[in-house]
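Residue numbers (the working numbering), protein chains in the order written: chain F, 108 to 219; chain D, 614 to 727.
Hints listed in this document are in silico derivations from the structure and should not be mistaken for laboratory results. Careful: at least some of the hints might be erroneous.
Straight line, CA to CA, 25 angstroms or less: simulated SDA-like cross-link-like pairs of lysine to any residue [unchecked claim]:
{"id": "1", "chain 1": "D", "residue 1": "K670", "chain 2": "F", "residue 2": "G135"}
{"id": "2", "chain 1": "D", "residue 1": "K670", "chain 2": "F", "residue 2": "H198"}
{"id": "3", "chain 1": "F", "residue 1": "K175", "chain 2": "D", "residue 2": "I673"}
{"id": "4", "chain 1": "D", "residue 1": "K622", "chain 2": "F", "residue 2": "S134"}
{"id": "5", "chain 1": "D", "residue 1": "K622", "chain 2": "F", "residue 2": "S190"}
{"id": "6", "chain 1": "D", "residue 1": "K670", "chain 2": "F", "residue 2": "K183"}
{"id": "7", "chain 1": "F", "residue 1": "K188", "chain 2": "D", "residue 2": "P708"}
{"id": "8", "chain 1": "F", "residue 1": "K188", "chain 2": "D", "residue 2": "Q650"}
{"id": "9", "chain 1": "D", "residue 1": "K670", "chain 2": "F", "residue 2": "F136"}
{"id": "10", "chain 1": "F", "residue 1": "K164", "chain 2": "D", "residue 2": "G616"}
{"id": "11", "chain 1": "D", "residue 1": "K670", "chain 2": "D", "residue 2": "T618"}
{"id": "12", "chain 1": "F", "residue 1": "K188", "chain 2": "D", "residue 2": "S651"}
{"id": "13", "chain 1": "D", "residue 1": "K670", "chain 2": "F", "residue 2": "N137"}
{"id": "14", "chain 1": "F", "residue 1": "K188", "chain 2": "D", "residue 2": "D614"}
{"id": "15", "chain 1": "D", "residue 1": "K622", "chain 2": "F", "residue 2": "T151"}
{"id": "16", "chain 1": "F", "residue 1": "K164", "chain 2": "D", "residue 2": "R723"}
{"id": "17", "chain 1": "D", "residue 1": "K622", "chain 2": "F", "residue 2": "H145"}
{"id": "18", "chain 1": "D", "residue 1": "K670", "chain 2": "F", "residue 2": "Q143"}
{"id": "19", "chain 1": "D", "residue 1": "K670", "chain 2": "F", "residue 2": "N110"}
{"id": "20", "chain 1": "F", "residue 1": "K164", "chain 2": "D", "residue 2": "E715"}
{"id": "21", "chain 1": "D", "residue 1": "K670", "chain 2": "F", "residue 2": "A191"}
{"id": "22", "chain 1": "D", "residue 1": "K622", "chain 2": "F", "residue 2": "S214"}
{"id": "23", "chain 1": "D", "residue 1": "K670", "chain 2": "F", "residue 2": "L185"}
{"id": "24", "chain 1": "F", "residue 1": "K183", "chain 2": "D", "residue 2": "E715"}
{"id": "25", "chain 1": "D", "residue 1": "K670", "chain 2": "F", "residue 2": "Q144"}
{"id": "26", "chain 1": "F", "residue 1": "K164", "chain 2": "D", "residue 2": "D614"}
{"id": "27", "chain 1": "D", "residue 1": "K622", "chain 2": "F", "residue 2": "L211"}
{"id": "28", "chain 1": "D", "residue 1": "K670", "chain 2": "F", "residue 2": "T151"}
{"id": "29", "chain 1": "D", "residue 1": "K670", "chain 2": "F", "residue 2": "K188"}
{"id": "30", "chain 1": "D", "residue 1": "K670", "chain 2": "F", "residue 2": "Y155"}
{"id": "31", "chain 1": "F", "residue 1": "K164", "chain 2": "D", "residue 2": "S692"}
{"id": "32", "chain 1": "D", "residue 1": "K670", "chain 2": "F", "residue 2": "V157"}
{"id": "33", "chain 1": "F", "residue 1": "K188", "chain 2": "D", "residue 2": "K622"}
{"id": "34", "chain 1": "F", "residue 1": "K164", "chain 2": "D", "residue 2": "S615"}
{"id": "35", "chain 1": "D", "residue 1": "K622", "chain 2": "F", "residue 2": "G135"}
{"id": "36", "chain 1": "D", "residue 1": "K670", "chain 2": "F", "residue 2": "D112"}
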Amino acid sequence: GQNIDQPTEMTATEGAIVQINCTYQTSGFNGLFWYQQHAGEAPTFLSYNVLDGLEEKGRFSSFLSRSKGYSYLLLKELQMKDSASYLCAVHQNAGNNRKLIWGLGTSLAVNP
Amino acid sequence: DSGVTQTPKHLITATGQRVTLRCSPRSGDLSVYWYQQSLDQGLQFLIQYYNGEERAKGNILERFSAQQFPDLHSELNLSSLELGDSALYFCASSPQTGGYTEAFFGQGTRLTVV
Numbered sequence: 108g109q110n111i112d113q114p115t116e117m118t119a120t121e122g123a124i125v126q127i128n129c130t131y132q133t134s135g136f137n138g139l140f141w142y143q144q145h146a147g148e149a150p151t152f153l154s155y156n157v158l159d160g161l162e163e164k165g166r167f168s169s170f171l172s173r174s175k176g177y178s179y180l181l182l183k184e185l186q187m188k189d190s191a192s193y194l195c196a197v198h199q200n201a202g203n204n205r206k207l208i209w210g211l212g213t214s215l216a217v218n219p
Numbered sequence: 614d615s616g617v618t619q620t621p622k623h624l625i626t627a628t629g630q631r632v633t634l635r636c637s638p639r640s641g642d643l644s645v646y647w648y649q650q651s652l653d654q655g656l657q658f659l660i661q662y663y664n665g666e667e668r669a670k671g672n673i674l675e676r677f678s679a680q681q682f683p684d685l686h687s688e689l690n691l692s693s694l695e696l697g698d699s700a701l702y703f704c705a706s707s708p709q710t711g712g713y714t715e716a717f718f719g720q721g722t723r724l725t726v727v
């Protein structure tokens with residue numbers, strides 16, 4: 108089967124660092140996305156990893172280990188506006204049927 | 614602004630009715646994806662079209678159907694609506710179908726079935 112697991116909720120303090128983990132079990136793995144979604148708004152793209160290792164983009168970094176079925180999103184120098192849901196999505200390539208499988212998201216609350 | 618336009622933004626309708634949600638992708642994007650997002654199910658992939666043809670199918674009910682027109686806009690038709698169909702419906706677009714690239718999401722249509 109296919110499964111993506113993320114923590115449901117996390118809390119952190121403004122200025123701190125937080126790591127949001129995502130584990131997955133899926134066939135035909137072809138990359139992993141992280142999206143940010145503020146309440147009632149559309150998801151917006153943060154990062155994409157297809158090879159093992161760390162991808163850094165400003166305050167946000169994303170890591171992937173394909174052998175462990177594991178990824179994390181690292182947010183540094185947290186700001187209040189980072190309070191949002193963070194969605195992990197796996198790109199599954201099953202023959203002619205390519206699709207994204209989404210985790211339920213991690214709701215991050217940043218406190219002053 | 615992602616460049617993806619969805620109409621209407623809000624829709625309230627009764628059980629048993631039929632509605633059509635519309636999506637205009639970003640200029641030049643050939644792929645359109647439809648998603649349903651509810652509180653308990655998270656973001657669920659429904660269906661993908663590429664240049665007018667169905668390319669991938671997810672958890673789309675038989676009561677739901679979609680199509681992509683020659684001008685690349687897409688419509689999602691929901692019929693025999695049930696209370697459980699109340700959700701946010703997102704459309705996303707991307708330039709290609711294989712070698713997946715990031716998808717750009719519209720602001721969604723919030724459907725309430727009463």
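Against the structure, the hints:
1. K670(D) with G135(F): At roughly 16 angstroms apart (the allowed maximum being 25 angstroms), G135(F) and K670(D) satisfy the hint.
2. K670(D) with H198(F): Judged against 25 angstroms, a Cα distance of about 14 angstroms means the pair holds.
3. K175(F) with I673(D): Judged against 25 angstroms, a Cα distance of about 31 angstroms means the pair is violated.
4. K622(D) with S134(F): violated, 35 angstroms
5. K622(D) with S190(F): Roughly 24 angstroms separates the two Cα atoms, so the pair holds.
6. K670(D) with K183(F): violated, 37 angstroms
7. K188(F) with P708(D): Violated, because 29 angstroms separates the two Cα atoms, which is more than 25 angstroms.
8. K188(F) with Q650(D): holds, 22 angstroms
9. K670(D) with F136(F): holds, 17 angstroms
10. K164(F) with G616(D): holds, 23 angstroms
11. K670(D) with T618(D): holds, 22 angstroms
12. K188(F) with S651(D): holds, 23 angstroms
13. K670(D) with N137(F): Holds, at about 17 angstroms.
14. K188(F) with D614(D): holds, 17 angstroms
15. K622(D) with T151(F): Within the cut-off at roughly 18 angstroms; holds.
16. K164(F) with R723(D): Status violated; Cα separation ~32 angstroms.
17. K622(D) with H145(F): Answer holds: K622(D) to H145(F) is near 16 angstroms, not above 25 angstroms.
18. K670(D) with Q143(F): Since the Cα atoms of K670(D) and Q143(F) sit roughly 24 angstroms apart, the hinted pair holds (cutoff 25 angstroms).
19. K670(D) with N110(F): Holds. K670(D) to N110(F) sits at ~18 angstroms (cutoff 25 angstroms).
20. K164(F) with E715(D): Judged against 25 angstroms, a Cα distance of about 15 angstroms means the pair holds.
21. K670(D) with A191(F): Outside the cut-off at roughly 28 angstroms; violated.
22. K622(D) with S214(F): Judged against 25 angstroms, a Cα distance of about 24 angstroms means the pair holds.
23. K670(D) with L185(F): Distance of about 37 angstroms is beyond 25 angstroms: violated.
24. K183(F) with E715(D): Cα-Cα ~23 angstroms, so holds.
25. K670(D) with Q144(F): holds, 24 angstroms
26. K164(F) with D614(D): holds, 21 angstroms
27. K622(D) with L211(F): holds, 23 angstroms
28. K670(D) with T151(F): It holds: about 22 angstroms lies between the C-alpha atoms, which stays within 25 angstroms.
29. K670(D) with K188(F): Between K670(D) and K188(F) the Cα gap is close to 35 angstroms, so the pair fails against 25 angstroms, i.e. violated.
30. K670(D) with Y155(F): Holds - the C-alpha atoms of Y155(F) and K670(D) are around 22 angstroms apart, at most 25 angstroms.
31. K164(F) with S692(D): violated, 43 angstroms
32. K670(D) with V157(F): holds, 23 angstroms
33. K188(F) with K622(D): Holds, at roughly 24 angstroms.
34. K164(F) with S615(D): holds, 19 angstroms
35. K622(D) with G135(F): Distance ~35 angstroms between K622(D) and G135(F) Cα, so the pair is violated.
36. K670(D) with D112(F): holds, 22 angstroms
When each numbered hint is compared with the structure, violations occur for hints 3, 4, 6, 7, 16, 21, 23, 29, 31 and 35.
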